[in-house]
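Protein chains in written order, with the working numbering: chain R, 1 to 263; chain Y, 1001 to 1263; chain X, 2001 to 2263.
FYI, nobody ran anything at the bench for these hints, they're computed from the structure. Heads up, a few of these hints could be off.
In silico lysine-lysine, BS3-like type, Cα no more than 25 Å apart, as pairs [claimed, not checked]: (1) Lys203(R) x Lys250(R); (2) Lys1250(Y) x Lys1203(Y); (3) Lys2203(X) x Lys250(R); (4) Lys250(R) x Lys1203(Y); (5) Lys1250(Y) x Lys2250(X); (6) Lys2250(X) x Lys2203(X).
Please read all numbers here as calculations on a predicted model, not as lab measurements.
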Amino acid sequence: GGSSESDSEEGGESGGIWAQIKYEALQDAEAEPALASYLYSTVLVHPTLERSLAFHLGNKLSSPLLLPSLLYDLFLGALSASSTLRAAARADLRAVRLRDPACRSFNHCLLNYKGFLACQAHRAAHRLWSQGRHSLALALSSRVSEVFAVDIHPAARIGLAILFDHATSVVIGETAVVGDHVSILHHVTLGGTGLEKGERHPKIGDGVLIGAGATVLGNVSVGAGAKIGAGSVVLTDVPPRTTAVGNPAKVVRGRDGAASRLN
Amino acid sequence: GGSSESDSEEGGESGGIWAQIKYEALQDAEAEPALASYLYSTVLVHPTLERSLAFHLGNKLSSPLLLPSLLYDLFLGALSASSTLRAAARADLRAVRLRDPACRSFNHCLLNYKGFLACQAHRAAHRLWSQGRHSLALALSSRVSEVFAVDIHPAARIGLAILFDHATSVVIGETAVVGDHVSILHHVTLGGTGLEKGERHPKIGDGVLIGAGATVLGNVSVGAGAKIGAGSVVLTDVPPRTTAVGNPAKVVRGRDGAASRLN
Amino acid sequence: GGSSESDSEEGGESGGIWAQIKYEALQDAEAEPALASYLYSTVLVHPTLERSLAFHLGNKLSSPLLLPSLLYDLFLGALSASSTLRAAARADLRAVRLRDPACRSFNHCLLNYKGFLACQAHRAAHRLWSQGRHSLALALSSRVSEVFAVDIHPAARIGLAILFDHATSVVIGETAVVGDHVSILHHVTLGGTGLEKGERHPKIGDGVLIGAGATVLGNVSVGAGAKIGAGSVVLTDVPPRTTAVGNPAKVVRGRDGAASRLN
């Protein structure tokens, strides 16, 4: 199309993750003829990861009134203009593949992980938000909430190499910040307490792991490397490299976070 | 169309919420050409809030076998026949705008809040249920559960000025009653214990606030103005103007409900 | 179509569940003309339960790139080849009708219960997985997670006569095993702890009941007839016929599981 993206960075990725994805998709298409047409149109016909991702997201998030072509242009435009977004997609793919034992291939993640797809859509929505295009950013995040059941406010800042595992029912509020190398399981809330204005959502450090169903509320800090146990309700700061469990959550220093990680 | 609605009440709403919504949509359409066509077809072409809402819900909840036109007629018919439904839509819009700091405009709520849309669809389904049209009411609530991940039995009675914030995974059972001015966060369950027949779901008083992930089970009463903390499991009555937290939840009198509200 | 199924078993089901479903659908179609066309195409035109179910699932799970006809053939092929799948669909219908007081008819369950539909789709995906068709099985379970918000790994083994009530946000991991006559409410997780490889998910015995929002993590055993209370976090074995409640969950012997069951 007439998009203005430059594929030069992508073109230089010889032997990188996109080549691996195409190889995996080709193998799947040969092994499973019922999926061949699907794999060709989502992966194999595209020259770059960016075009494949934009096509896939455009299809998934489209509706009778938000056409796939409009969304494709939107996602491809964002990915083409931002090296951060391009790097983030690759870092997220590697994080999912590395940390989720149920993930069998990069291609599997790209096509099937709604947490990965919701995160990439959020990154594009966040870019729109940062450019002052609030109504479009909100329309996009609203579609993500409907289609993937992942509700991330477009203003929230999310780092690189993130694993959203299973992802159903994740809610992340407007002033939340998530560092790099963070793993967030399903049903997790990074919310406000309703008692604060302005900065009112959690700040999550690098390398944090938040177990299934955990609820972190308010402008609290979860330090780098901390773990939040499944089902915990966190209302206060959690120091780095500690584990917090329970309702209300209490910090358990030096204990390795059994039950905090869920595949 | 050939619908029998009377727009007279709506026509008298000079300077009301519908005029404000149209003004907001026009501003958004001018600022964001990518959304102009979407905003025209969902808001700007419609003469009344009722027609806009019926069109939007009909599109969202349609499927290859449940056509948008059938659902549009259904919603417009319900809204046209019931002044309660028309007043409820306006009261809910005002409640969301007032209580959710992330809500930027009435138009934003009307178009993007799946909690608001699920609630309006429930109100129409409840009206069908009350008329004995059970199979249609159940088909409608089933679509709402699939599309918005909000599962409200059509027999449940829901008051006015309700905020369903984020709304993902909300479940409300058949004999539940929710008062006016109630705020319900995502993942909230108003369910049964499985030990009772007949009246087996919670009764929620006016002005109650139920935090994210809270589970209220059985034919218990949550008194007016009470707050239920995030992640709480409530199995007994909660007196008015108290706060209940924990699993199982205990009442904390006189304490302002930190962590019970989530934006 | 040209499918190779044998309807002989179905044909021998005189007076069985399928005759009852057709009778119910005919009554609904007569009482509710707005649904007549829908009921004809989903139920009344089909000669067998298998064809009705395959048609309904194919429609629900289709996308612009995964055509309804492909999915119809897939589901009908699986149901036709496997007497286990045919028996499981009937056992699940009976379990829902028996155990959920809000379920009004078999037809209501077949058409409207996303937990029932997600479970039948999982059974077909699990069969594909067992045949080594992993990429197709994963594509199918991914669609189920998007459309029904029910995320069951295709390798998970699920018994007969299962009730998934409400079903939103259920997550079941790769090495989980669920026995017969089990009831699982919404928001339930059968997950891993992240500390184990290989067998890392729960084993749920026959007749177990798992309340709303409960999280069971790790390669633990929940014995036959046990009950897990709503919102519990289970990290250790639960003996048969006991009730476990709380976060972390503790076993309460001999106590009947108040709050463990939710309609």
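Hint check results:
| no. | hint | in the structure |
| --- | --- | --- |
| 1 | Lys203(R) x Lys250(R) | 18 Å, holds |
| 2 | Lys1250(Y) x Lys1203(Y) | 18 Å, holds |
| 3 | Lys2203(X) x Lys250(R) | 29 Å, violated |
| 4 | Lys250(R) x Lys1203(Y) | 32 Å, violated |
| 5 | Lys1250(Y) x Lys2250(X) | 18 Å, holds |
| 6 | Lys2250(X) x Lys2203(X) | 18 Å, holds |
Hint check: violations occur at hints 3, 4; the rest are consistent with the structure.
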